[in-house]
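Engineer: Here's the letter readout for the chains.
Number of protein chains: 2
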Amino acid sequence: MSLAMDYVHGYSAREGIRLRDQANALAELLHSGTRYGAGVRVLEAGCGTGAQTVLLADRSPEALFTSIDVSERSLAEAGRRVELAGYENVRFLQADIHRLPFEPSSFDHVFVCFVLEHLGDPAAALRALMTVVKPGGSLTVIEGDHGSAYFHPASERASRVIQCLIDLQQLAGGDSLIGRRLYPLLVHAGYRDVQVTPRVAYADGSRPDLADAITLKTFTAMVEGVADQAVGQGLIDAASWSAGIRDLKRAADDDGTFCYTFFKAVAVR
Amino acid sequence: MSLAMDYVHGYSAREGIRLRDQANALAELLHSGTRYGAGVRVLEAGCGTGAQTVLLADRSPEALFTSIDVSERSLAEAGRRVELAGYENVRFLQADIHRLPFEPSSFDHVFVCFVLEHLGDPAAALRALMTVVKPGGSLTVIEGDHGSAYFHPASERASRVIQCLIDLQQLAGGDSLIGRRLYPLLVHAGYRDVQVTPRVAYADGSRPDLADAITLKTFTAMVEGVADQAVGQGLIDAASWSAGIRDLKRAADDDGTFCYTFFKAVAVR
Chain A
224 MSLAMDYVHG YSAREGIRLR DQANALAELL HSGTRYGAGV RVLEAGCGTG
274 AQTVLLADRS PEALFTSIDV SERSLAEAGR RVELAGYENV RFLQADIHRL
324 PFEPSSFDHV FVCFVLEHLG DPAAALRALM TVVKPGGSLT VIEGDHGSAY
374 FHPASERASR VIQCLIDLQQ LAGGDSLIGR RLYPLLVHAG YRDVQVTPRV
424 AYADGSRPDL ADAITLKTFT AMVEGVADQA VGQGLIDAAS WSAGIRDLKR
474 AADDDGTFCY TFFKAVAVR
Chain B
224 MSLAMDYVHG YSAREGIRLR DQANALAELL HSGTRYGAGV RVLEAGCGTG
274 AQTVLLADRS PEALFTSIDV SERSLAEAGR RVELAGYENV RFLQADIHRL
324 PFEPSSFDHV FVCFVLEHLG DPAAALRALM TVVKPGGSLT VIEGDHGSAY
374 FHPASERASR VIQCLIDLQQ LAGGDSLIGR RLYPLLVHAG YRDVQVTPRV
424 AYADGSRPDL ADAITLKTFT AMVEGVADQA VGQGLIDAAS WSAGIRDLKR
474 AADDDGTFCY TFFKAVAVR
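The listed protein sequences correspond, in order, to chains A and B.
Heads up, the first sequence is in this note's numbering, so the first residue is 224 and it goes up one at a time.
Heads up, the second sequence is in this note's numbering, so the first residue is 224 and it goes up one at a time.
Isolated chain A, as found in the complex (with noise of 0.2 angstroms):
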């Protein structure tokens, strides 16, 4: 899940703050409790294009990072992301999850956030992740559930187009519920001390820029990306999307409501 969002709405001093509320409404959500002191190696392991690099940075500024992903492209946009914002305490390195190039306890925590959701065997990466990080050492993973998605008006047809989602993560070998089994996954790996907190996205229309945020940047722009894969591979037809489509946007309105769920693990190694 990416917590990116494009400007189509420009960049007058009243939108800037605008923006600036609702990703720090987002980011306090995920990031709250996570801090880091000086000097302290944190392995951000799958930072993508970079947009919990900068949250993980600001928050932690006397921490120091080193960022993996296995995209080189995703990499340069990181490290772009990070030279505009100012931060000088984040290296970069081309790397895989499944086959770190670090020693043993090279690090005294580890960050993952959005990742396991793709991977193929999660457990087998946080194994792997294990092997890297001291004894004594935390791991902090961050994950989206897709399936607690639910929102006002509810949809039947909005449902299914989030099941296109659902369902072509688990095709390309992912899975989009994951975080609803962070806790088992972490203590099947042989970490300690699994403590789990699912946090709500909650938009309403008390709060309208929490809406689009939410319910239409995040969310539904992330079910949008998938559009032609669902229909092309049959999952749905286009007349259904299109109408699942709307019911979802139908719920940031100013009597709508939308519900999401991330879960954050803590543990120990």
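Since the hints were derived computationally from the structure, they do not count as laboratory data.
Glycine is no exception: its CB is placed at the ideal position from the N, C-alpha and C atoms.
Be a bit skeptical, because a hint or two may be false.
[Said to hold, decoys possible] Which stretches of chain B does chain A cover? Using the computed rule of at least three CB atoms under 8 angstroms from a CB of chain A, they are:
1. 363–374
2. 398–406
3. 421–429
4. 480–488
Following the hints, put chain B in place on chain A, whose structure we already have.
Structural biologist: Same frame as chain A, but now just chain B:
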């Protein structure tokens, strides 16, 4: 939804502590943020058998509660429960929420918990309550949302038995998905400054007592309560029902998880 629990585990001191911790966890989840001061007049509309009444009286010992219910039988049980717990700041009265026997502005605040989900016209009830609370007084509403229940291992069969409960409540004129629409409901009824917070009851293997309390004794027990109706009315066959309940209980195992979201709304007349 009832948070009542039966006492199949007996009454040993250790068991007593466990049960108190469970009840506290759920009570805190629902009641945090709700406190009424000395001499403040509060109407609890639809007190049922008093499960929330004792929590209200305990947390606001100097407030003056008037707890009403349409059922004389429930009121009698609520009265016994409050008396047994030793609270003296509650008076009980048989009354219909749609025909309240109170003068305008008789109360400083109104509290409604697990009531609107059962009503055919919750908006009318909210408007009726508005007449008896003074201008500037508050309304607090807590409701569940059965569509917010999900679990690991995910199970189609378990989802089907939950859907039976949702369907039966709808056939009876209620709405067990009401949590997600509290915001528009209160706004349309004319309340001001409506603020809704989702409150997630989450259980995993780190807290077997919570899995027992939430997954089994609260949620699954509630679903099981409509077994005869669901099968009798032909919504599901007996074998599928049993399989669904088995899968739901499976979520309370050490490697299972369960999530349910309550919605709490606070608004001003």
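Engineer: All hints are to be evaluated individually against the structure, with a verdict given for each.
Structural biologist: Status of each hint after checking the structure:
1. Only when three residues or more bring their CB closer than 8 angstroms to a CB of chain A does the claim for the region 363–374 of chain B stand; here the count is 5, and the claim holds.
2. Note: the region 398–406 of chain B has 4 residues with beta-carbon separation from chain A under 8 angstroms; the three-residue rule is met and the coverage holds.
3. Look at the region 421–429 of chain B against chain A: 6 of its residues bring a Cβ nearer than 8 angstroms to a Cβ of that chain, three or more, so the hint holds.
4. Coverage of the region 480–488 of chain B by chain A holds [criterion: at least 3 residues with CB-CB distance below 8 angstroms; count 3].
Comparing the model with each numbered hint stated earlier shows that all of them hold.
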